[in-house]
Structures are given as structure tokens and as C-alpha cells.
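Student: Take the sequences, apply the hints, and build the full model.
There are 2 protein chains.
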Amino acid sequence: MMKKTAKLFIISGPSGVGKSTVIHRALQNFTDFYFSVSATTRCARPGEKEGIDYFFIGKEEFEKGIQNQQFLEYTCYCENYYGTPRKAVEEHLNLGYNVLLDIEIEGASQVKQHMPDSVTVFIVPPDLQELERRLRSRGTDSEDKIAGRLARAKKEFEKAPDYDYLIINDNVENASQELTAIIQAEQFRYDCRKAVLEV
Amino acid sequence: MMKKTAKLFIISGPSGVGKSTVIHRALQNFTDFYFSVSATTRCARPGEKEGIDYFFIGKEEFEKGIQNQQFLEYTCYCENYYGTPRKAVEEHLNLGYNVLLDIEIEGASQVKQHMPDSVTVFIVPPDLQELERRLRSRGTDSEDKIAGRLARAKKEFEKAPDYDYLIINDNVENASQELTAIIQAEQFRYDCRKAVLEV
Chain Y
69 MMKKTAKLFI ISGPSGVGKS TVIHRALQNF TDFYFSVSAT TRCARPGEKE GIDYFFIGKE
129 EFEKGIQNQQ FLEYTCYCEN YYGTPRKAVE EHLNLGYNVL LDIEIEGASQ VKQHMPDSVT
189 VFIVPPDLQE LERRLRSRGT DSEDKIAGRL ARAKKEFEKA PDYDYLIIND NVENASQELT
249 AIIQAEQFRY DCRKAVLEV
Chain D
69 MMKKTAKLFI ISGPSGVGKS TVIHRALQNF TDFYFSVSAT TRCARPGEKE GIDYFFIGKE
129 EFEKGIQNQQ FLEYTCYCEN YYGTPRKAVE EHLNLGYNVL LDIEIEGASQ VKQHMPDSVT
189 VFIVPPDLQE LERRLRSRGT DSEDKIAGRL ARAKKEFEKA PDYDYLIIND NVENASQELT
249 AIIQAEQFRY DCRKAVLEV
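Sequence order for the protein chains is Y and D. Mapping of the first sequence onto the working numbering: residues 69 to 267, in sequence order. Mapping of the second sequence onto the working numbering: residues 69 to 267, in sequence order.
It should be emphasised that the hints constitute simulated quantities derived from the structure, not laboratory data.
With a straight-line cut-off of 30 Å between C-alpha atoms, the simulated DSS-like cross-links for lysine-lysine are:
1. D:K155 - D:K127
2. D:K262 - Y:K180
3. Y:K87 - D:K262
4. D:K117 - D:K127
5. D:K223 - D:K127
6. Y:K262 - D:K223
Over the 10 Å line for every Cβ pair with chain D, so calculated as not near, a few chain Y residues:
7. E174
8. R202
9. D212
10. K223
We treat Cβ as the ideally placed atom computed from N, Cα and C, and that holds for glycine.
Tutor: Right, dumping it as C-alpha cells:
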């Protein structure tokens, strides 16, 4: 049947933009995806599950992993490491699975540099006021932390031009439909499909 | 509300592949499209309507149009001219409408050269045997003409790598859904949407 080339999708966006919901709804439309689970040195929050939300590992182990190039990208944020385990990503791509990474902007730029064929999507809120409202309504962050996240989001917006696609999450239904269309269309690119013409 | 940049979509594919059906089904999902009508010097076939299927004009008028650069692209095929009137395309793009051209490979390459931001889609049949079957079932072409169209299709397949996207029309429902996803996704590209971040 039709052969195709697997693709790496990188999704970024400011904290509080509703990224996870959008991603998980969109991925329900696909069966051939591997959603990469990051490793981190921060402690698990209530409800977070090992291997589902993160791989929770020690600082020493993480730093050994960095030395051994076991991370596709990594970053340090609020004194904790976050990184994408390289092996699982590469293995799934080789098996023909598309892979999706939900990672920070710095990490995204590291991966795009090494894998220029990867597709990058930036999710933004309709505006900063709405982001502030959403961060506040989560009720998990202090005022200081919210101010910090907003300042960070403002800086992150400046990096949007480095991304291939831009999704404005004014409505989770629309936004996940948009991500679905992007993922589909990218698989219809000539490079992904050329094998079929080589019959 | 959200400002966006209009895009030019160029669709090509061998005669008999079912392009028109796929395009018209896909365009039903959009309200902001202008489907470009070509001009030609060939005679109208039974059922073809002026201004809907083609603008039917004389050879002299066409050649004057070429001289005055009134065509975005043109080609000569079976001793008849076919061309895309430039003015309607440019005016609709300026008004914010997306524009779709259903044109031959040579014309597509001319337009892409002048408008590198345009999006090109190549529609192919699942295989040449299926194309032959479809051409035969139309019952409009002689055996000679069918052989000619098949030889041409084979040559055209070689140009597929010049296109951004490849759609395999094994099923008109799937193919038009694929074209829909491509048209949607292209409008989510950063370049198309950046205006929203400039607020």
C-alpha cells in the first residue's frame, strides 16, 4: 500500500494557553502518533503520573543523560531540567510513526536546527488579557508567578516568526481542528508521499 | 477581527484524474475563494458556458493579451491557447480572497516563479491503469487520443517533485477532504496570520 515518511511535529506556546487540551483533542483523529513524554528533575505535582505526564528523574541522572546525548533537546527552567528523551523519538520515527513534542521555545529551536524537516506550530491566546484571565482562573499560581508568566509570554510572542504555523486558541474546538488540518496537510506534502510515485 | 493574507493555490494533474470534481467539492468548504476562469481560443464544447468554464476568445485577441501581459501564464496545447487572466486574480488577492487556479504544469511553473508564495498541489490517479480506465469510461476520446493523454500523464508525473503537495485521487471523498485540509492549513501559516500578533 501507500508508503509514507513519518514526521516530527513540535508544538509550543505560552503557559496557560491551553496547549495540552488542543493537542490531545487533535491527536484523537490519528492512530499513528507517538506523543513524546519529557523527562524532568522537578517533583511530580499531585495527580501527575510517571511515564504519562513526565519521566521524573534525579538531577544527577539527568546530567549524565546530557553528557551522553540522550536528550534531543533540554532546558533549565526555575532550577529544574526538562528534556526530550532522544531514543523513543528516533525509534518511533524509524518505525513510521509521526511524533509530537510539546516543548518550550528554546528546545523547539534546538530540535528544528538538528531536524529541519520537523514542523513547528506556535499556539497563542487571542490576546494577553485573555491569557491573564486563564492563568488566574487556574487558581494554582501566586500573583507574582502570574506576572512572571505574562512577562515570559510577551517575550515568547517575539519568537512566533520562527514557527511554521500559528494557531490562535480563542476556542478549543476550532484550535484543535486547526491543528488536525495542519497535521493532515503536512502528510500530503510531496516529500512525505513521493514513495507512492516510485511504484 | 483577525486580519489575514490571501493565498494563491495552483492545482495541476493529468487529464482524466478527476481534478474538477475534487476541487469543487473542496471549495464548498470555503466562502472566501475566487476560482479563476481561464481564457481559451478553442471552441466551446457542448454544455460549456462562457465565463463559467472558460472565456472563449479569438486568437487575435489572445495574442494581443499576451503582448499586453494580460495573462499570468499561458500555454499552447493542441494548437489552442489557454491562459489565466491576470487582472481578476490580482484584484481578488488584493481584496483578501484566496484564489485557486486549475492549470497545466507549464503554466503552474510560470506562476510559481513569479509568485513563489503560491501553494502548488498535484493530483494523481492511484496508478496509470486506473487513469486509462477513467479516460476510457468518459467515452469522449478516440483510442489515439487516450494513448496520447496517457503518454502525456507519464511525462507529467516527472514534474510532481516541483509541487508542494501530492494528492492521490483513489476516492473523490478522501481527495477533496485532503485538498480541504491543505487549503485550511496553509492559511494557518505564520506568514498568513502574523497580522494578528501585531495588535
